[in-house]
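**Student:** Next come the chains, spelled out residue by residue.
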Amino acid sequence: DAGVIQSPRHEVTEMGQEVTLRCKPISGHNSLFWYRQTMMRGLELLIYFNNNVPIDDSGMPEDRFSAKMPNASFSTLKIQPSEPRDSAVYFCASSPTSGSRETQYFGPGTRLLVL
Amino acid sequence: KQEVTQIPAALSVPEGENLVLNCSFTDSAIYNLQWFRQDPGKGLTSLLLIQSSQREQTSGRLNASLDKSSGRSTLYIAASQPGDSATYLCAVTLAGANSKLTFGKGITLSVRP
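Which chain is which? The protein sequence lines are A and B, in order. Numbering of the first sequence is given in the numbering used here, commencing with residue 441 and proceeding in unit increments. Numbering of the second sequence is given in the numbering used here, commencing with residue 30 and proceeding in unit increments.
FYI, nobody ran anything at the bench for these hints, they're computed from the structure. Each residue gets a CB set at the ideal place from its N, CA and C atoms; glycine is no exception. Please note that the accuracy of each hint is not assured.
Using 25 Å as the maximum straight-line C-alpha spacing, the simulated PhoX-like pairs for lysine-lysine come out as follows [said to hold, decoys possible]: (1) B:Lys129 / B:Lys97; (2) B:Lys129 / B:Lys71; (3) B:Lys71 / A:Lys518; (4) A:Lys508 / B:Lys129; (5) A:Lys508 / A:Lys464; (6) B:Lys134 / B:Lys30; (7) A:Lys508 / B:Lys97; (8) B:Lys129 / A:Lys518; (9) B:Lys134 / B:Lys71; (10) B:Lys129 / B:Lys30; (11) A:Lys464 / A:Lys518; (12) B:Lys30 / B:Lys71; (13) B:Lys134 / B:Lys97; (14) A:Lys508 / A:Lys518; (15) A:Lys464 / B:Lys97; (16) A:Lys464 / B:Lys71.
Using C-beta positions, here's what the derived DEER-type ranges look like [stated by the list, open to error]: (17) A:Glu454 / B:Pro142: 37 to 45 Å; (18) A:Asp503 / B:Asp96: 37 to 45 Å; (19) B:Ser88 / A:Met455: 27 to 35 Å; (20) B:Gln110 / A:Asp503: 44 to 52 Å.
Covered stretches of chain B (in silico footprint by chain A; criterion: 3 or more residues with CB under 8 Å from a CB of chain A, positions within the stretch not fixed) [to be verified]: (21) 74-82; (22) 132-138.
Isolated chain A, as found in the complex (with noise of 0.2 Å):
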């Protein structure tokens, strides 16, 4: 298996743009985890989706993010419009199962930088 694919690796934008990062899932997960890490708050859970539904998106800053995941195999992360202060490293990982008896694999990361 390819594991978790996350596109693209680095993103470099102006604010005020609209950035979109993707993932790919590990086929046959259920679940589907959006993180932020940056030096001063770590790693920070955004939003995660079990089958494809959305169950807490308690993390997610602000209205400027919003995340999709139309069908099993593809999630995306908006930030409209971007700041300076969204950059970051975000992650994206998948699970098995909704419970948590398993661990979370995670993607590479996008490197986002915003100036």
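Add chain B to chain A, keeping to what the hints say.
**Tutor:** This is chain B only, laid out in the frame that chain A set:
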């Protein structure tokens, strides 16, 4: 709110040394605890997962223990090697929180040849 603390933030040891990484959490009502490894510029890889009913898990040179009542976990690395150099993160799942993980900020380990 669950808080996970890992101290120190960085550690440097000579090759061959046995070492212990510490993790503490504020809410003992956890479902499980995991240790992850993160290499520079990469994603996280799960090392060990301890369910709340367990006291420890072992994998090769790694041993993780869990003491729920005191809110502590340790990751023991035996006979450290330069290839063990990475950041090690501890994460807990609160009971009833489904799959939601709360992470510590990690300990960056450097093993000197």
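**Student:** All the hints need checking, so say for each whether the structure fits it.
**Tutor:** Status of the hints after comparison with the structure:
{"no.": "1", "hint": "B:Lys129 / B:Lys97", "in the structure": "holds, 18 Å"}
{"no.": "2", "hint": "B:Lys129 / B:Lys71", "in the structure": "holds, 21 Å"}
{"no.": "3", "hint": "B:Lys71 / A:Lys518", "in the structure": "holds, 22 Å"}
{"no.": "4", "hint": "A:Lys508 / B:Lys129", "in the structure": "holds, 18 Å"}
{"no.": "5", "hint": "A:Lys508 / A:Lys464", "in the structure": "holds, 12 Å"}
{"no.": "6", "hint": "B:Lys134 / B:Lys30", "in the structure": "holds, 16 Å"}
{"no.": "7", "hint": "A:Lys508 / B:Lys97", "in the structure": "violated, 36 Å"}
{"no.": "8", "hint": "B:Lys129 / A:Lys518", "in the structure": "holds, 21 Å"}
{"no.": "9", "hint": "B:Lys134 / B:Lys71", "in the structure": "holds, 15 Å"}
{"no.": "10", "hint": "B:Lys129 / B:Lys30", "in the structure": "holds, 13 Å"}
{"no.": "11", "hint": "A:Lys464 / A:Lys518", "in the structure": "holds, 15 Å"}
{"no.": "12", "hint": "B:Lys30 / B:Lys71", "in the structure": "violated, 28 Å"}
{"no.": "13", "hint": "B:Lys134 / B:Lys97", "in the structure": "holds, 20 Å"}
{"no.": "14", "hint": "A:Lys508 / A:Lys518", "in the structure": "holds, 9 Å"}
{"no.": "15", "hint": "A:Lys464 / B:Lys97", "in the structure": "violated, 35 Å"}
{"no.": "16", "hint": "A:Lys464 / B:Lys71", "in the structure": "holds, 17 Å"}
{"no.": "17", "hint": "A:Glu454 / B:Pro142: 37 to 45 Å", "in the structure": "holds, 43 Å"}
{"no.": "18", "hint": "A:Asp503 / B:Asp96: 37 to 45 Å", "in the structure": "holds, 41 Å"}
{"no.": "19", "hint": "B:Ser88 / A:Met455: 27 to 35 Å", "in the structure": "violated, 45 Å"}
{"no.": "20", "hint": "B:Gln110 / A:Asp503: 44 to 52 Å", "in the structure": "holds, 47 Å"}
{"no.": "21", "hint": "74-82", "in the structure": "holds (count 4)"}
{"no.": "22", "hint": "132-138", "in the structure": "holds (count 4)"}
Hint compliance for this structure: hints 7, 12, 15 and 19 are not met, and every other hint is.
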